[in-house]
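There are 2 protein chains.
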Amino acid sequence: MSELSVNPDLANERLNATFDVENLTNLIYGGPEKVKRRRQIHKVASEDPFYKKLKPWSYCSVEEQYENALAKHNHIKESIDKLELNGFDDLYYYKSCVTPHEPGPLDVHYGMCVTPHEPGPLDVHYGMFIPTIEQQGTAEQKEKWLASAYSEEIKGTYAQTEMGHGTFLRGLETTATYDPKTKEFILNSPTLTSIKYWPAALGKTTNHCVVVAQLFTQGTCHGIHTFMLQTRSLVDHSVLPGIEVGVIGNKFGFGTNDNGYLKLTNVRIPRDNMLMRYSKVLEDGTYIKPQNSKVSYGVMVYVRSMIVKQAFSALAEACVISIRYSAVRRQSETVPGGIEPQILDYQTQQYRLFPLLATAYALYFAGNYMSTAYSEGSQKIEKGQLEELPQLHALSAGLKAFTSYAASSGVEVCRICCGGHGYSQASGLPKIYVSVVPACTYEGENTVMMLQVARYLMKCYKDKQQGSQLPGFVSYIAEIPQKRSCMDEHLSFSCLVKAYKHRAARLIEAAAKQMQSLIQSGSPAHEAWNKSSVQLLWAANAHCHLFCVQNFVENIERSSGDSRTNEVLKAVCQLYSIHGILENLGEFIHDGFLSGQQIDYLQKAMFKLFEIIRPNAVALVDAFDIPDQVLQSCLGRYDGQVYQALYDYARMAPMNQTEIHSTYYTHLRPLMNPLTSNYSKL
Amino acid sequence: MSELSVNPDLANERLNATFDVENLTNLIYGGPEKVKRRRQIHKVASEDPFYKKLKPWSYCSVEEQYENALAKHNHIKESIDKLELNGFDDLYYYKSCVTPHEPGPLDVHYGMCVTPHEPGPLDVHYGMFIPTIEQQGTAEQKEKWLASAYSEEIKGTYAQTEMGHGTFLRGLETTATYDPKTKEFILNSPTLTSIKYWPAALGKTTNHCVVVAQLFTQGTCHGIHTFMLQTRSLVDHSVLPGIEVGVIGNKFGFGTNDNGYLKLTNVRIPRDNMLMRYSKVLEDGTYIKPQNSKVSYGVMVYVRSMIVKQAFSALAEACVISIRYSAVRRQSETVPGGIEPQILDYQTQQYRLFPLLATAYALYFAGNYMSTAYSEGSQKIEKGQLEELPQLHALSAGLKAFTSYAASSGVEVCRICCGGHGYSQASGLPKIYVSVVPACTYEGENTVMMLQVARYLMKCYKDKQQGSQLPGFVSYIAEIPQKRSCMDEHLSFSCLVKAYKHRAARLIEAAAKQMQSLIQSGSPAHEAWNKSSVQLLWAANAHCHLFCVQNFVENIERSSGDSRTNEVLKAVCQLYSIHGILENLGEFIHDGFLSGQQIDYLQKAMFKLFEIIRPNAVALVDAFDIPDQVLQSCLGRYDGQVYQALYDYARMAPMNQTEIHSTYYTHLRPLMNPLTSNYSKL
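In order, the protein sequence lines correspond to chains G and E. For the first sequence, position 441 (counting from the first letter as 1) is numbered 441 according to UniProt numbering, and the numbering increases by one without interruption. For the second sequence, position 154 (counting from the first letter as 1) is numbered 154 according to UniProt numbering, and the numbering increases by one without interruption.
There's no promise every hint is true.
Residues of chain G clear of chain E, computed beta-carbon distances all greater than 12 Å [said to hold, decoys possible]:
| hint | residue |
| --- | --- |
| 1 | Ala-17 |
| 2 | Thr-138 |
| 3 | Ile-186 |
| 4 | Ile-195 |
| 5 | Lys-204 |
| 6 | Ile-224 |
| 7 | Gly-253 |
| 8 | His-421 |
| 9 | Tyr-456 |
| 10 | Gln-466 |
| 11 | Ser-563 |
| 12 | Asn-584 |
| 13 | Leu-594 |
Which bits of chain G does chain E cover? Going by a derived footprint, with three or more residues having C-beta under 8 Å, they are [to be verified]:
| hint | region |
| --- | --- |
| 14 | 165-173 |
| 15 | 363-377 |
| 16 | 423-430 |
| 17 | 474-485 |
| 18 | 533-545 |
The set of hints was computed from the structure by calculation and includes no laboratory data. No residue lacks a Cβ here, since even glycine has one placed at the ideal position from N, Cα and C.
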């Protein structure tokens, strides 16, 4: 594509913003120094000819996507040394620049890999395989495997999920039975449903994996444990005896990864291949229990906090694309024969996009909170201070679910807001969607996560009934309820937050009472739980929503930005809070908490906020500072040259490289001009 | 896959249903004779070895998907004669059996093609190209083109949408300028945005198209008209001079279709190539206006009624898959160590799936209504009775938007309800989603459609204010409003429908008053409209929702089924009505129409209905009688052998046909065991 100037509509938008974009970018990414470093890295990555010569992913077959991902991995590995990239931020950002929508964070320090978008085939090796050895292996085991793992001689994955079991780990069926005669474990997939299914990179890439299996020794099952298993030869990559391994076939997205299946038939591994830092099996088969079973709590919190950040990224990217495109796209007419307005001027478009933009900011602050809370929390755990862990754990589960759902559904709205062109891979939006939506399922299915939150809330409610003090954020459950909202036409943040508290507290109480009444009328506890679970879901959702609103408000109130930036952010935060009430109005007014008059204030305020945000909409997405190379979108380009880009995208399609497609000779010409058949009646 | 018996859980579900599935199937498809015929056709199609030997679509590249679609087209054409298939129902059903999720109805009689799922490359030839000639061509023009079109010597498409213009047709920029010297039109794409973009089969398949362009003659623009254009040679398929044509590149779905772009540079076509049945350009360039400009009204209604039916199909298919799978899938435990329940027993799963099942039935009845209304309406149009046309037109626009959105979002919920496996193409669900979701955009973008409904409603409201009688369904706008709902714990249909009427009437009034107040305070009409458009959207949506509820209720009340079938359908209809209120509660209680007590009745009733529907859920989806061959889903199989199917799907993946993938030699082995690099810090 030739060099073009910025689309004048987009240039105008940037002129008319009421605040300085750079200030907001600095606020988002932690100061001008960090922003400068991001941009340096991006520049290097964008100028590297290696990435430019790769075929665009949407024109690749699944096998080509996989092949490109491996090629990129190798090139990234080389480049990191050459470019002297260091530290998590540098590496993460470099990787996200060169694998658009695939910025899988690989973080040995924190010990886990989350795959926000399309994961590379080696991500799980660095993100889960190595960390598992580091955390669960003995000193000898680390000595034995880590060096070859780092040199990629052995490449591994984490084989947990089975065809029949995902989130519910206790149900896993793979067995590891200890044989004291040979001092080996015998691994088996005893049922069809026990076949490992979904682990990343299991199909073709890796030659090792950590298998999660039920440990049997001396005739007793001791629950799930982890075992090191070699699946392929280090000499020629052939599959070892007793093992059937392959890819699981094509998916909605994730083409870069060879998610695989694994069937085990009497595969023997040495006793030493059980990761024995915590639990042990002695030579004679005696089982030694772990000292502390809560070790993995912190890791889960970390993984979920990463998902919140990635939910933000996905929604932010989608907002950049759809809002820039809506400023460029002109359509229809409001006055007959008049100029066609930018579609961003239609109130209906603002109604769909601006609340999502506000949500992206809310998710950004929620992600920040979770990272900080995780770091502080893990320091406390180190010191043995575990009081806040349940609250943090519940919040991380809830925010994982709340934000992954908000981002996924929001990305699709952004896509549909781009009309027909949103359906083309050229928009970049389908890829973002298929990359973020599995976050609703992996690392804990969202409904299950929300019910974990609910279980915690029910405990809090009981504590409150028994007069105990509730910790930190959940203390609102014990506050004396207002009957009527304090809201007037000024819609202060304080009254808005109180409304969310009221709603959450009411729904928590309603769910608790429903449970209690079922139990009193003779239902067993598990049945009462199930028969209240939709109400528990509502309560948990309201709790998470309250957190996002309150946390956004607190960030705004202590913001260090300049006054014009703060003013815009304040409007965005108000929109997030007000729109959330209007979208869930029934839950707020079921008990008459808000009057008709107050609802009218909220509606009027929402429409007014659209007008305040309108001139700043493009600047608010520009502030995310996401380069074109990451967006990979013809519609979301910084220069707004949308139509030229769409035309170029079409022309480079593989099917356009010949004037006449081969099917003309094989399928079309042979049937031209036959006797007219009944088909014509169709 | 080997022959297997039915999964016992699924067999049990079928035993425990309280009604006879066959009765409901007969009710849905118009009696036992029609059901028998469907099944005969399905049997023939499913036994045809041609279809069995095609590679499953999800393992095909986009080019292979296109090639397979052409091969199928040719085979279908042959088969129709051989099998003596006749009439729209036969042909449509045969085609839907052999092109799963691609049942593009080809209906010359009604003159339009709607592409519900993946359209074949020749669908638009039969569905739009030929009908356009039939309807808009003169006798000579039909004589000239139709025979070769039916014989497929000429293959055409309908080139309307441009890069810069979709729903707003007046904005199209392609020009057709008459040159009286040569008696030709000169076709041009004067701007980048005027390039035709998206027309089906334009890229590689077709050699002709109908171009929609602005007609210029004698220095005046006369608006959009249709022109016959040959794009490729009939001898060798080469592209003709002045024409640039190709595919637009890969999309979210629709891999079977070569949607294309077309750029025209001074392409001259004879004067006779303008379709001149209505408007004419004489030899000297004189323009003759059409007699009647409302001809296409009926066609639009037809197309939209087809979209309603297809929205039903998509949602019904997704419900079949997710409900059968939820009966087979067992997960987690309610009692520690107890048997894992079917996930369909979880109230949270019921809360997500049963309202969608109810919606599928509501959409089914809405689609039926629209077909009948269209047939009756077109007879009246023939007789010149045009009174009901505006109401029908508004309803068709509204239901197109309401149902395509309900189905699209519902299909994704069904997919996510299947957990991780829902993300695999093996589930069939991603394909259904990407096939139905463009219906929110094509044939009139949903927001634009809803605003058309709103325009009609505003007119009705004005008529009411002026004391005019309102026609048929919209007469509720003029009913004297109740202040309080009549609902008691029995939740009669009559009170439920009245609640929907109240909500719609209130929102219509609120939008109208908002507009009037803006106009009174000096806003120009177009600005008042835009500033009220979100409220107009709410009003239109409530209107369409009311229609679906009321129409469902009316069908239940006059149902010809047996009593046990009716009882279940009644529960489904109640759930649809009650759930719709609870999901939009704010709109129903904003003005205090429902009391807290009444809301409690509704909530209790919803949970109670889940228990009534639970034993019938599988039977209710079985009744749709959708064969496995159409579902193409490992999770939704009639026999419930889900895990065997998933295992088989994985094993047949192309990447599993060799033990070691070629990338091992090219990408993995070369980098094994290098010096440990900084990458390990990632």
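Hint-by-hint comparison with the structure:
no.: 1; hint: Ala-17; verdict: holds (22 Å)
no.: 2; hint: Thr-138; verdict: holds (21 Å)
no.: 3; hint: Ile-186; verdict: holds (22 Å)
no.: 4; hint: Ile-195; verdict: violated (6 Å)
no.: 5; hint: Lys-204; verdict: violated (4 Å)
no.: 6; hint: Ile-224; verdict: holds (15 Å)
no.: 7; hint: Gly-253; verdict: violated (8 Å)
no.: 8; hint: His-421; verdict: violated (8 Å)
no.: 9; hint: Tyr-456; verdict: holds (17 Å)
no.: 10; hint: Gln-466; verdict: holds (25 Å)
no.: 11; hint: Ser-563; verdict: holds (29 Å)
no.: 12; hint: Asn-584; verdict: violated (7 Å)
no.: 13; hint: Leu-594; verdict: violated (9 Å)
no.: 14; hint: 165-173; verdict: holds (count 6)
no.: 15; hint: 363-377; verdict: violated (count 0)
no.: 16; hint: 423-430; verdict: holds (count 5)
no.: 17; hint: 474-485; verdict: violated (count 0)
no.: 18; hint: 533-545; verdict: holds (count 3)
The structure is inconsistent with the numbered hints 4, 5, 7, 8, 12, 13, 15, 17, although it conforms to all the rest.
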